[in-house]
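Colleague: Using the sequences and the accompanying hints, generate a full structural model.
Heads up: the sequence lines are chains H and V, in that order.
Counting from 1, one number per residue, gives the positions in the first sequence under my numbering.
Counting from 1, one number per residue, gives the positions in the second sequence under my numbering.
It is possible that some hints are incorrect.
[Claimed, not checked] Some but not every residue of chain H turned toward chain V, in silico, with C-beta under 8 angstroms:
| # | residue |
| --- | --- |
| 1 | Asn251 |
| 2 | Thr255 |
| 3 | Leu267 |
| 4 | Leu409 |
Just so you know, the hints here were simulated from the structure itself, not pulled from any lab data.
Because the structure is a prediction, the values reported are computed rather than measured.
All residues carry an ideal CB built from backbone N, CA and C; glycine is no exception.
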Amino acid sequence: MIKHFLSLEWKSFFRSASFGKSLGIKIFMGFLSLYFMGMFLFIGFFMDKILKEVYPAMDPLIAFNGLIFFWILGDLLMRFFFQKLPTMSVKPMLTLPIKRKTIVHFVLGKSVTSFINFLPLFAIIPFGIKLISNDYNVSIILIWILTMVILTLINNFLNFIIESLSAETELSFLPIILFAGAIFALDHFNIVNISEALSNGILAISEHPVFITIPIVILIVLYVYNFKILRQKLFLDSSLKTKTQEVNTANLEWTKSFGDIAPFMQLDLKLLWRNKRSKSSIWMLALGLLYGLFFYPQPMYQDMPWFFAFIGIFVTGIFLINFGQFIPAWDSGYYKLLMSQNIKYEQYLKSKFTLMALSVAILFVLSIPYVYFGWKILLAHFAAAIYNVGVNTHVILYGGSFNRKKIDLDKKAAFNYQGTGAVQWLIGIPLMLLPLGIFGVAYFLVGFEMGCLILAVLGIVGVVFHQKLMKAITGKYLESKYKMIDAFDQNN
Amino acid sequence: MITTSNLSKTYSGNTVLNIESLDIPKGQSFGLVGNNGAGKTTYFSLLLDLIQPTSGHIKSNEIQVNKSEDWKPFTAAFIDESFLIGYLTAEEYFYFIGELRGQNKADVDKLVGQFKDFFHGEILGQKKFLRDLSKGNQKKVGIVAALIGNPEVIVLDEPFANLDPTTQIRLKEIIKDLAEKQGVTVLISSHDLMHVTDVCERIVVLEKGEVVKDLKTSEATLKELEMHFAG
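Modeller: As structure tokens, this is what we get:
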């Protein structure tokens, strides 16, 4: 049976409609994986040295165990955002003579083979070998490595439970943040000293291998619980029976003041508000606005004004980037309708442009409080906002004409790469790096004010040539009309 | 109204549609039948300029559809669910289509109001998104939306599939009324020979992309079609 499943997986991977097209992402992910592997190997090899530096008085193994709590917590957070329970299309299987049990075991088993589970080994094994070569007892280290592997798997299955609980809620990442935050707080304020308990526990296991049964039991319990949740979901009606939401219709009459693009703006606003995927790009606004707080409070960045414009582009353009990169894929579900309706492409695109330009203006106003960290920041943000409106909106609309990826509006968004092609990665270069480059060069050659001026002027030039640019962009979209219709019609 | 000349569509060497000439006069109710893969949807997609012809062209009201977009104001279609916008309610969807076709809310309300029977109380005032409606109800919304704005050409792909018997009968009346009284050119495709013969004045049978029969509907038509498809 497993053999059949594996061959199905294989075929679905290589025969998927977007196989060739998404190769770019796969290569990118491959490099990312290599990078992480390298990082972990590095950490693994030099762990003992690092720990000696930081905790000179402590035994490296004990010092490391003291940090495991934080590692587990970080790992869990990473998993939440990056790891999804592997799915297989179960529906066609349900009526075949296959035991439900087998399907669930296969899905859960497959999750164990995820890259993220092997990553820790790259750090743990070199660290373990180094310890052994430093005259540690071989059996203690082996038990320790085994314990770490079990802990990783516990995280693996714990994550799926948290995900299945949070999948129901709108702010899907809230539960995990609360959970991790609460545990961290309990530990940090010494209410319950989890990190020490954990460290002692792992130490105890390495010394008395009998105790390893405890994490194993926890692992089994988590597996069984996952099994139960999944099995319950494995009925046809649980996928058919979608919750029907009650509709609240908002009054969008104010869009009428934008004239003939009003129907599209109303549609776009409803699109944003009523679908899971797009809704999370609204929540990203909050994160984007706070992005500056990572940098500005640190004195180190205060002396790097050439960096301000970049943050300005990001803070005022977070919506533009998030929303814009998936134009016109947002409408992929009903693209055929739009193409056979009595619409002007230009109006359709102009609505998107207006929405993005408005968002930049609003975000700039909201980011004014950054002036607390210095007037230069406000100036840089202002220049960046103009650049966003004048240049980046057009760039991203132009990039959209290369978009060939369908989006499923109902899917969760965090680190969902559906709809993302090489274009979406490439477009980041002119969008973010180009203004950074222009500003940086002007800053070093002339000065801060010159940098701001150049960005602002570029933005104004873009606004002045708006009509012409939109014409060219519209032409580009018309050119690729058939290709887009065809691509949006395909699944995967 | 609609003239097709030397139209063909080929996918990597495989010809799926090849129509030398086909004229559909104004106000005709035109039915397209054929087995799966006969080219019905391909023809409609070409008519709506959703795919490019390999050779030849279709002219609608003297406008070549793949050259100019001026056929759009008088043409309406419902091909499949991808013509619906899932996150709108039925009313919002009608108003949106209405706005694209230059109709205000009152116009739309008036038109949609005529289809109270057809909707059977399951569409309007439901506070439900289209994506949450059943397949049959989605289809009803799509069909009625295609009638908004007094189009002169209406294209419906498989309009009877997924509908309950009552609705099928009502839909037949609606289509007949459109062609006979309002002079609308209606193009439908169907697998149900009985429905097509009931509704259409003229029936064209496609087989492997070619026109094999072109019949003016009469008493004998249903028999003839059944004989044809029985092989």
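Colleague: Indicate, hint by hint, whether the structure satisfies it.
Modeller: Results of checking the hints against the structure:
For Asn251 of chain H, the interface hint is violated, since its Cβ never comes within 8 angstroms of a Cβ in chain V; the closest pair sits about 12 angstroms apart. Because the smallest distance between the Cβ of Thr255 of chain H and any Cβ of chain V comes to about 11 angstroms, over 8 angstroms, the interface hint for this residue is violated. The restraint placing Leu267 of chain H at the interface with chain V holds, with a minimum CB-CB distance near 6 angstroms, inside the 8 angstroms limit. Using the Cβ-Cβ criterion of 8 angstroms, the hint placing Leu409 of chain H at the interface with chain V is satisfied: the shortest such distance is roughly 7 angstroms.
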